[in-house]
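Two chains, each in its own frame: build the complex with the hints.
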Amino acid sequence: MANLLWLQGGACSGNTMSFLNAEEPSACDLVTDFGINVLWHPSLGIELGDNVKQLLQDCISGKIALDIFVFEGTVVNAPNGTGNWNRFCGRPMKDWVRELSEAAQFVVAIGDCATWGGIPATAPNPSESVGLQFLKRAPGGSLGTAFKSKAGLPVINIPGCPAHPDWVTQILVAVASGRAGDLSLDEFQRPKTFFTSFTQTGCTRNMHFAYKVSATAFGQRKGCLFYDLGCRGPMTHSPCNRILWNRQSSKTRAGMPCLGCTEPEFPFFDLAPGTVFKTQTVMGVPKDMPAGVDKTGYIKLTAAAKAAAPAWAEKDIFVV
Amino acid sequence: MSTGETNSVLDQIAKLLANGLKTKTEPFPETEKEFGEILGELRALSPDDLQGKVVIGGFINHPFGEEQYRCMECMYYLVHRKWCDLPELAVPVEPDWWCRLWRI
Numbered sequence: 001m002a003n004l005l006w007l008q009g010g011a012c013s014g015n016t017m018s019f020l021n022a023e024e025p026s027a028c029d030l031v032t033d034f035g036i037n038v039l040w041h042p043s044l045g046i047e048l049g050d051n052v053k054q055l056l057q058d059c060i061s062g063k064i065a066l067d068i069f070v071f072e073g074t075v076v077n078a079p080n081g082t083g084n085w086n087r088f089c090g091r092p093m094k095d096w097v098r099e100l101s102e103a104a105q106f107v108v109a110i111g112d113c114a115t116w117g118g119i120p121a122t123a124p125n126p127s128e129s130v131g132l133q134f135l136k137r138a139p140g141g142s143l144g145t146a147f148k149s150k151a152g153l154p155v156i157n158i159p160g161c162p163a164h165p166d167w168v169t170q171i172l173v174a175v176a177s178g179r180a181g182d183l184s185l186d187e188f189q190r191p192k193t194f195f196t197s198f199t200q201t202g203c204t205r206n207m208h209f210a211y212k213v214s215a216t217a218f219g220q221r222k223g224c225l226f227y228d229l230g231c232r233g234p235m236t237h238s239p240c241n242r243i244l245w246n247r248q249s250s251k252t253r254a255g256m257p258c259l260g261c262t263e264p265e266f267p268f269f270d271l272a273p274g275t276v277f278k279t280q281t282v283m284g285v286p287k288d289m290p291a292g293v294d295k296t297g298y299i300k301l302t303a304a305a306k307a308a309a310p311a312w313a314e315k316d317i318f319v320v
Numbered sequence: 001m002s003t004g005e006t007n008s009v010l011d012q013i014a015k016l017l018a019n020g021l022k023t024k025t026e027p028f029p030e031t032e033k034e035f036g037e038i039l040g041e042l043r044a045l046s047p048d049d050l051q052g053k054v055v056i057g058g059f060i061n062h063p064f065g066e067e068q069y070r071c072m073e074c075m076y077y078l079v080h081r082k083w084c085d086l087p088e089l090a091v092p093v094e095p096d097w098w099c100r101l102w103r104i
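Here the protein sequences line up with chains G and P, keeping their order. Heads up: the first sequence at position 167 corresponds to 167 in this note's numbering, and the numbers run straight through without jumps. Heads up: the second sequence at position 9 corresponds to 9 in this note's numbering, and the numbers run straight through without jumps.
Chain P on its own, in the form it takes in the complex (with noise of 0.2 Å):
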C-alpha cells in the first residue's frame, strides 16, 4: 500500500469513527478462545471491507478505560508505520485509538 492510500485509509477510518460509528468495544476477548472468534470474524469479512474490520474490531479514536490504554503501546502498532500489523486488521491506525484486540 503506498503513501498516499495509506492515508487515504487511514482518513475514511477517521471519518467513521467521527461520525459516531457504533463499533463492538465489547466483549472484550478475556480468552484466547474469544480472541480466535473475533479473528475468525474478520477472516470471514470481504478484504475490503474497511468498516466491517472497524466494527468487529470494536475501533475507538481515543484511548480507553482508565488506564488509557491505546494502540502506542499495542504489541501489533508499528509506530514508525502508524499501522496495525494483527494480519486480520492490517490497516492504518493512530497512536491514540484502541480496539478490542489490544495486547500488550
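Pulled out of the complex, with its shape left as it was, chain G reads as follows (with noise of 0.2 Å):
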C-alpha cells in the first residue's frame, strides 16, 4: 500500500481531468490493482475543512506515512514572495508545498506548471509563479536545486498542457511498486521513458515532413505542420504520436500544430502576437531547426527533399 496525496497550486484543474481520464492503467486501477491509497485529492477526497488540514498536518509529523506526494499547478509566491494569493488550509500554499515535499518519499509535479512554471509563468509572471524545481529552465524553482525526497530522488517532472493521462498513471504506478530505482530522468527530470523521442515520432505527417510539402491551413489532412504553422513536434520531447490521446490520436494527427507543451519554455515567444501557430522566420528560413540540424544542413535537405518528392506526397492521400 502507498499513501498519494495531490494537492494544486496555481492550477487550471486540466490535469486531474487528464488523470481522471487515464486508461492504462486508469485512475480506479491504481487504488484495485496497484494498492495507492489515496489520502486526498481535490476533486476525489472526502474530507473538507479542518480534517483536511488535520490530514496534511499528520502527512508532515509523520503520523500518516506519505509515500507520494503529487503536486499540480505552481507554486505561487505573490504578492511580494508571500505567497499569501494562493491560500489553503489557513497558509500559503507554498508552505505545504515546502514540508509536504520535505515528508514525502517521493514528490511528483503533473503538468507543465508544477514542473517548471507554465503559462501563469509567462512574463510579466504577476503571480510570481514557479515550478517546484524550475522556473522555466533555469534549476531552483520553489525546492530549490539540492532537493531530494527521502527515497533520494529529486522531483519527477512529468509536464505537458495538460500531462497525458498514461504518463502519470504509469509512473505513479512505477513508484507506488517499488520500481522508482528504473526511472531514469533527464536533464529536466522528466521520465526519459516518455520525454526522449519527439513528439513527431510516429506523426502520420512524416512523410510530408521528409518531402517538404506543408499544410497550408488547420485541419488538412496532407501537409506537415512545421513549415507554415507553428508545430513544434521536430524539436519537442513527448511520446504524443506513441501513446495517443484518448487511444485514438493526436495534434498533429488531426491537423493541429504541436504547441511544444512539454518543453520548459512553453508558451513560446511569451505568446506575442503572431507566434502562436506561425511559424517564426528570419528572412524565410525556420528560426527553430528541428532538433540537432543546422541551417546549412536544412537548407540542403529541403533541395534534395523538394527534388525527390514523389507526386503522391502532394496529394491527400487519406481518403475517407
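In short, the hints are calculated from the structure, not lab data. Please read these numbers as outputs of a predicted model, since none were measured by experiment. Mixed in with the good hints there might be a few duds.
[As the list claims (entries may be wrong)] No farther apart than 30 Å at their CA atoms in a straight line, the calculated lysine-lysine pairs in the DSS-like style are these: (1) G/Lys222 <-> P/Lys82; (2) G/Lys251 <-> G/Lys136; (3) G/Lys148 <-> G/Lys251; (4) P/Lys82 <-> G/Lys315; (5) G/Lys192 <-> G/Lys150; (6) P/Lys33 <-> G/Lys278; (7) G/Lys136 <-> G/Lys150; (8) G/Lys53 <-> G/Lys148; (9) G/Lys287 <-> P/Lys15; (10) P/Lys82 <-> P/Lys22; (11) G/Lys300 <-> G/Lys287; (12) G/Lys63 <-> G/Lys150; (13) G/Lys63 <-> G/Lys53; (14) G/Lys278 <-> P/Lys24; (15) G/Lys287 <-> P/Lys24; (16) P/Lys82 <-> G/Lys278; (17) P/Lys82 <-> G/Lys295; (18) P/Lys33 <-> G/Lys300; (19) G/Lys136 <-> G/Lys222; (20) G/Lys300 <-> P/Lys82; (21) P/Lys22 <-> G/Lys222; (22) P/Lys82 <-> G/Lys287; (23) P/Lys33 <-> P/Lys22; (24) G/Lys300 <-> P/Lys24; (25) P/Lys15 <-> P/Lys82; (26) G/Lys251 <-> P/Lys33; (27) G/Lys295 <-> P/Lys33; (28) G/Lys136 <-> P/Lys33; (29) P/Lys24 <-> G/Lys295; (30) G/Lys278 <-> G/Lys300; (31) G/Lys295 <-> G/Lys315.
[Said to hold, decoys possible] Residues from chain P shown here face chain G by an in silico Cβ test under 8 Å; the list is partial: (32) Leu10; (33) Gly36; (34) Arg103.
For every residue, glycine included, the Cβ atom is placed at its ideal position computed from N, Cα and C.
This is the structure:
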C-alpha cells in the first residue's frame, strides 16, 4: 500500500481532468490493482476544512506515512514572496508544498505549471509563479536545486498542458510498486522513457515532413505542420504520437500544430501576437530548426527532398 | 483548374514578367507581422486579379540573391504540379522563379 496525496496550486485542474481519463492504467486501477491509497485529492477527497488540515499535518509529522506527494499547478509566491494569493487550509500553499515535499518519499510534479511554471509564469508573471524545481529552464524553483525527497530522487517532472493521463498513472504505478529505481530522468527531471523521443516520432505526417510538403491551413490532412503553422513536433520531447490521446489520435494527426507543451519554455515567445500557430522565420528560414539540424544542412536537405518528392506526397492520401 | 487552364495562367504570368512588369520584391517580410500584412493585401484582391497577385507577391522570373533562392525549394511549392500552394497566391509557377513570400 502506498499513500498518495495530491494538491493543486496555481492550476486550472486540467491535469486532474486528464488523470481521471487515464486508461492504461486507469485512476481506479491505481487503487484496486496497484495498492495506491489516495489520502486526499481536490476532486476526489471527501474530507473538508479542518479535517483536510489535520490530514496534511499528520503527513508532515509522520503520523501518516506519505509515500507519494503529487503537485499540480504553480507554486504561487505573490504578493511579494508571501504566497498569500494562494492560501489553503489557513496558510500559503507554498508552505504546505515545502513541508509535504520534505515529508514525502517521492514528489511528482504533474503538468507544466508544477514542473516549470507554465502559462501562469509567462512574463510578467504577476502571480510570481514557479515550478517545484524549475522556473522555465532555470533550475531552482520553489524547492531549490538541492532538494531530494526521502527516497533520494529529485522531483519527478511529468510536463504537458495537460500531461497525458497514462504518463501520470504509469509513473505513479512505477513509484508505488517499488520500481522508482528503474526511472531514468533527463536534465529536466522528466522520465526518459516518455521524453527522449520527439512528438514527431510516430506522426502520420512524417512523409510530408520528409518531402517538404507543407500544410497551409488547420485540419488539412496532407502536408506537414512544421513549415508554416508553427508545429514544434520536430523539437519537442514527448510520446504524443506513440501513446495516443484518448487511444485515438494526437494534435498533429488531427491537423493541429504541436505547441511544444512538454518543454520548459512553453508557452513559447511569451505568447506575443503572431507567434502562435505560425512558424517563426528569419528571411524565410525557420528560427527553430528540428533538433540537431543546422541551417546549412536544412537548406541542402530541403533542396534534395523537394527534388526527390514523389507525386503522391502532394496529394491527400488519407481518402475517406 | 484543368491542365490547359493551368498552362494558360502560367503563360500569362511568364509574359507579364518577361515584359518587365515591376513587382514588389521589397521589402522582404522579415517578421510574421510583415508577412501577414502582405497576405492581407493579397486577400483584398479580386480572386482573378492575376497581375495584382504577381505584383504584391513580388514575383521574379529567376532565382533570388547570392544564395539563388527559388520556388523549387520553397515549402509552398508543389513540384509535380508546378504550383504555389500558398492559399493567397494559388497560382502555377516555374521552379526557377521566386517571390518575397518565399519560405523554406
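Hint-by-hint comparison with the structure:
| no. | hint | verdict |
| --- | --- | --- |
| 1 | G/Lys222 <-> P/Lys82 | holds, 17 Å |
| 2 | G/Lys251 <-> G/Lys136 | holds, 23 Å |
| 3 | G/Lys148 <-> G/Lys251 | violated, 35 Å |
| 4 | P/Lys82 <-> G/Lys315 | holds, 13 Å |
| 5 | G/Lys192 <-> G/Lys150 | holds, 21 Å |
| 6 | P/Lys33 <-> G/Lys278 | holds, 10 Å |
| 7 | G/Lys136 <-> G/Lys150 | holds, 25 Å |
| 8 | G/Lys53 <-> G/Lys148 | holds, 24 Å |
| 9 | G/Lys287 <-> P/Lys15 | violated, 36 Å |
| 10 | P/Lys82 <-> P/Lys22 | holds, 23 Å |
| 11 | G/Lys300 <-> G/Lys287 | holds, 16 Å |
| 12 | G/Lys63 <-> G/Lys150 | holds, 16 Å |
| 13 | G/Lys63 <-> G/Lys53 | holds, 13 Å |
| 14 | G/Lys278 <-> P/Lys24 | holds, 23 Å |
| 15 | G/Lys287 <-> P/Lys24 | holds, 24 Å |
| 16 | P/Lys82 <-> G/Lys278 | holds, 25 Å |
| 17 | P/Lys82 <-> G/Lys295 | holds, 25 Å |
| 18 | P/Lys33 <-> G/Lys300 | holds, 27 Å |
| 19 | G/Lys136 <-> G/Lys222 | violated, 34 Å |
| 20 | G/Lys300 <-> P/Lys82 | holds, 20 Å |
| 21 | P/Lys22 <-> G/Lys222 | violated, 35 Å |
| 22 | P/Lys82 <-> G/Lys287 | holds, 27 Å |
| 23 | P/Lys33 <-> P/Lys22 | holds, 24 Å |
| 24 | G/Lys300 <-> P/Lys24 | holds, 27 Å |
| 25 | P/Lys15 <-> P/Lys82 | holds, 17 Å |
| 26 | G/Lys251 <-> P/Lys33 | holds, 25 Å |
| 27 | G/Lys295 <-> P/Lys33 | holds, 23 Å |
| 28 | G/Lys136 <-> P/Lys33 | holds, 26 Å |
| 29 | P/Lys24 <-> G/Lys295 | holds, 27 Å |
| 30 | G/Lys278 <-> G/Lys300 | holds, 23 Å |
| 31 | G/Lys295 <-> G/Lys315 | holds, 28 Å |
| 32 | Leu10 | violated, 17 Å |
| 33 | Gly36 | holds, 7 Å |
| 34 | Arg103 | holds, 5 Å |
This entry does not satisfy hints 3, 9, 19, 21 and 32, going by the numbered hints stated previously.
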